[in-house]
Amino acid sequence: MVKQHVESAVNGKIRCDACPVMCYIAEGRSGACDRYANIAGDLIRVDPLTVIESRLSDGGKIVPFLPDTTTAEWDGDIVHANSSFITAIGAGTTYPDYKPAPFIVSQKQNGVDMVTVVTEGIFSYCGAKVKIDTDRFLGPESAAVRVDGEQIGHVTTGEYGSQMLSLGGVHHLTGGSKKEGRVTCEALLKLCNTNPVELSIDGGATLIVQAGRAPIINGAEEQRMRVGCGSATIGMFAKQWLGHVDEVVVVDDHITGVLSEHQAGKLLDIPPTGIKIKGRRSTPGRYFQVAEPGTGWGGTDVSDPLSIIADFDPKTAYPGLRMLMVSTTGEQYGYYILDENLQPILQTTLPAALQQSVEIVAENCEPAMSSVMFMGGAGGSLRAGVTTNPVRLTRAVKDALTYVSCGGAPAYVWPGGGITVMTDVTRMPSNAFGYVPTPALVAPIEFTMRLDDYRALGGHMEAVIPIAEALEQAERRVGAIAGSAWPTAERNFQWGA
Amino acid sequence: MTGPLAHYLDGDRNGRLHLQHGPIDLVIGVDGAASVVAEEAMRRAAFNAAVARFQTVLDELVSELALLRAPVTPQSPSPRGAVARRMWAATLPLAETRFITPMAAVAGGVADEILAAMMRIFPAGARPYRAYVNNGGDIALHLEAGAEFRIAISREDGVSLGAFAVNAANPSRGIATSGRGGRSLSMGIADSVTVGARTAAAADAAATLIANAVDLPGHPAILRARAIDVIDNSDLGERLVVRGCGPLNAEEAQRALSAGAREAEKFLARGLIDRTALFLKDQGRLVDHFPISSISTARYVAAGTPLEHSQHA
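Protein sequence lines correspond, in order, to chains A and B.
Residue numbers for the first sequence, in the working numbering: 1 to 497.
Residue numbers for the second sequence, in the working numbering: 1001 to 1313.
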């Protein structure tokens, strides 16, 4: 729809780019069309197409014009089938709050009249939860995460194969200095629009984070998220190595595993090999600190894995002993056979069975990714744009009468009070987010419900328009989001379950 | 940026066509032919032509906006665009005595241009009986012999001020209304001034000046403000425009209307307009080829369903 992003401002006047007239509009005024106004520096659509509105209030029906020349090629289905869903991206916001949201769209879904209230919410209470797939040390828990020296969030829990960061939130957006708020808003905007942001962590790493991409930590791009630590890897794959190799060392920055000493090896009656691993032994077959953290094998600084092995014990070891060394991600591996002097000699060919086991280790390591979840709370004002009684919307959401999506992507609604949602930004159409100088993020949010439910919760019934009309104003069409629930699907609702 | 939009207003393609782009809203109707089949085919063809022509209208205007916002003088350069030239032609004769910019005829000029684009595709004698392009109350008409449009005039609050007919024998092919209210600013206090002229652009420009002339200079009940304080970049600059009008007695209303009627008479005498109806408070005046008559608005309430509304533009 109508983009209300303000590109330029001169002497406090904003430039409207809704049509070629490109009016400069002073605060409190409207442009030549009387449809767009400058309200507190924001370009706001104030007067929807009056011709159409009056026709609709008369019960008139609006049908898009299709020129003869393109009728054949045009995919009429996009309007007539239940296959379009209007997202809030570019829908604009409401101000003052009691005005209906810019688009209240009705469409039929399996005979049920559905309403989607589409608005771009201004979220002062918002942030991003970021998950960085890495085993590397990013910084101590609760350390400040900074952009341009300003704290925009902190390191929170270490999770499986990943480190969580909590960024933004009202304290950084509006609770700190002006610069802190601006930098935080800018960083959140970039992260949510899936652009890269460079973060530095007090007492930790510097990293470049981009939603859906591998994190770049201290200049090195993370490749894979390990399937488990070295010890766990031994446990998972011990059986596949049995009979094909006499010793396996899984090199890992956290815990390096040794098959013959490990519980898994013992259970398979794998005999001792006389191997001696440098580093601190935790429990049998599990070693901490075999090397320094780095970008080498398994998150260590090791480039030659033999450097973590001391001489084999001649009382146990024997010439011809076969050893596989592999990193926890399967990215590096080497196959060695002990010579007469019990020195491991790197072999040029890897037996097929071992090759396969290495591939399985690698395959089980997923590509390392940074994931960004937008998190925001729909405040009373935003809810008032949807209904005359904001709390009823909250209840309708909790009662699963109203489905919430962000830019068409499913939103997880937190239990408890208010409407606090979380959405994977990579499932939203690109550049779905904007900002206002408050500072706050502008994010699309859609509430979908049955027409009757909308009426019951005090909806702005007078502002409901058919989807065909909203589509006419759509500036941008995107395909359905793969793997996402269709916002009007019945199973999203309590009554459809 | 949103491009031009096109819809049918009445549920199918035999309804009226609505075109919108930026500040322009057009409602277009085409009817009347030897058969229903021929009528539908003509309508279809006319609408296609209208939509095609409409695509670039706003861009053309914007490309010469500075010139179109500047006062018209015989010395100033004439614009290039087809709509702009219509605006120019309509305002130039009025510029001899009054301040006016081509923008005073923009709504009528667009209506004329779109109507012309629709009629151009039909050979003479094979045109639909009637067609109109209503640009926010400024209307361009096409009438074949024997055809007639009935036009209703309503006040901004929807109260009907009456209706009148335009038939093929009448020279008017443009109807425009100006006054307080609506998007345009007025330097006068008229509630509405409706003008019939040869083109919608001519009617638009004349209605603007006649409405400006309906005034009581210095009257304390009239609230005025500089145009640029009301609309950014107004082509009226620092000229005072009327923002409100308090109670006036009957004599005052008559005096203001008389001033407007005198302006209308001059235009009529020069052949620039065919007729005009002026309204202020509960008073009305009709200026046509007969001497000025003072009328009550009741005389204007006419029978029949109004086909198009001429409202404030």
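Note that these hints are calculated values from the structure, not bench results.
Where hints are given, some of them may not hold.
[Said to hold, decoys possible] List of simulated lysine to any residue pairs, SDA-like, C-alpha gap at most 25 Å:
1) Lys13(A) / Thr1002(B)
2) Lys13(A) / Val1230(B)
3) Lys190(A) / Thr206(A)
4) Lys13(A) / Glu1064(B)
5) Lys13(A) / Gly1237(B)
6) Lys13(A) / Ala1126(B)
7) Lys13(A) / Ser1063(B)
8) Lys13(A) / Glu1148(B)
9) Lys178(A) / Ala238(A)
10) Lys13(A) / Ala1227(B)
11) Lys239(A) / Ser142(A)
12) Lys13(A) / Arg1120(B)
13) Lys13(A) / Asp1229(B)
14) Lys13(A) / Val1062(B)
15) Lys179(A) / Asn364(A)
16) Lys131(A) / Ser142(A)
17) Lys13(A) / Asp42(A)
18) Lys13(A) / Leu1240(B)
19) Lys13(A) / Glu1252(B)
20) Lys13(A) / Asp1059(B)
21) Lys13(A) / Leu1065(B)
22) Lys13(A) / Arg1224(B)
23) Lys179(A) / Gln355(A)
24) Lys190(A) / Asp202(A)
25) Lys13(A) / Ala1269(B)
26) Lys13(A) / Gly1003(B)
27) Lys13(A) / Asp1232(B)
28) Lys13(A) / Glu1040(B)
29) Lys239(A) / Gln355(A)
30) Lys13(A) / Gly1032(B)
[Unchecked claim] Restraint ranges, calculated between C-beta atoms of paired labels, are given here:
31) Ala1052(B) / Glu221(A): 35 to 45 Å
32) Pro415(A) / Ala1066(B): 53 to 63 Å
33) Gly12(A) / Gly1003(B): 48 to 58 Å
34) Gly12(A) / Ala1225(B): 34 to 44 Å
35) Tyr160(A) / Thr1056(B): 58 to 68 Å
36) Ala1124(B) / Glu27(A): 21 to 31 Å
37) Asn389(A) / Arg1255(B): 37 to 47 Å
38) Ala1066(B) / Gly12(A): 20 to 30 Å
39) Thr1056(B) / Ala456(A): 22 to 32 Å
40) Ala1052(B) / Gly175(A): 50 to 60 Å
Since the structure is predicted, the reported quantities are computational estimates derived from the model, not experimental observations.
Every residue, glycine too, gets a C-beta built ideally from N, C-alpha and C.
Each hint, compared with the structure:
no.	hint	result
1	Lys13(A) / Thr1002(B)	holds (21 Å)
2	Lys13(A) / Val1230(B)	holds (14 Å)
3	Lys190(A) / Thr206(A)	holds (17 Å)
4	Lys13(A) / Glu1064(B)	holds (22 Å)
5	Lys13(A) / Gly1237(B)	holds (17 Å)
6	Lys13(A) / Ala1126(B)	violated (51 Å)
7	Lys13(A) / Ser1063(B)	holds (21 Å)
8	Lys13(A) / Glu1148(B)	violated (47 Å)
9	Lys178(A) / Ala238(A)	violated (57 Å)
10	Lys13(A) / Ala1227(B)	holds (17 Å)
11	Lys239(A) / Ser142(A)	violated (41 Å)
12	Lys13(A) / Arg1120(B)	violated (42 Å)
13	Lys13(A) / Asp1229(B)	holds (13 Å)
14	Lys13(A) / Val1062(B)	holds (19 Å)
15	Lys179(A) / Asn364(A)	violated (43 Å)
16	Lys131(A) / Ser142(A)	holds (15 Å)
17	Lys13(A) / Asp42(A)	holds (10 Å)
18	Lys13(A) / Leu1240(B)	holds (22 Å)
19	Lys13(A) / Glu1252(B)	violated (40 Å)
20	Lys13(A) / Asp1059(B)	holds (22 Å)
21	Lys13(A) / Leu1065(B)	holds (19 Å)
22	Lys13(A) / Arg1224(B)	holds (23 Å)
23	Lys179(A) / Gln355(A)	violated (54 Å)
24	Lys190(A) / Asp202(A)	holds (21 Å)
25	Lys13(A) / Ala1269(B)	violated (45 Å)
26	Lys13(A) / Gly1003(B)	holds (23 Å)
27	Lys13(A) / Asp1232(B)	holds (9 Å)
28	Lys13(A) / Glu1040(B)	violated (48 Å)
29	Lys239(A) / Gln355(A)	holds (15 Å)
30	Lys13(A) / Gly1032(B)	violated (49 Å)
31	Ala1052(B) / Glu221(A): 35 to 45 Å	violated (53 Å)
32	Pro415(A) / Ala1066(B): 53 to 63 Å	holds (59 Å)
33	Gly12(A) / Gly1003(B): 48 to 58 Å	violated (29 Å)
34	Gly12(A) / Ala1225(B): 34 to 44 Å	violated (19 Å)
35	Tyr160(A) / Thr1056(B): 58 to 68 Å	holds (59 Å)
36	Ala1124(B) / Glu27(A): 21 to 31 Å	violated (54 Å)
37	Asn389(A) / Arg1255(B): 37 to 47 Å	violated (53 Å)
38	Ala1066(B) / Gly12(A): 20 to 30 Å	holds (22 Å)
39	Thr1056(B) / Ala456(A): 22 to 32 Å	violated (47 Å)
40	Ala1052(B) / Gly175(A): 50 to 60 Å	holds (56 Å)
Violation of the numbered hints given earlier is confined to hints 6, 8, 9, 11, 12, 15, 19, 23, 25, 28, 30, 31, 33, 34, 36, 37, 39; the remaining hints are satisfied by the structure.
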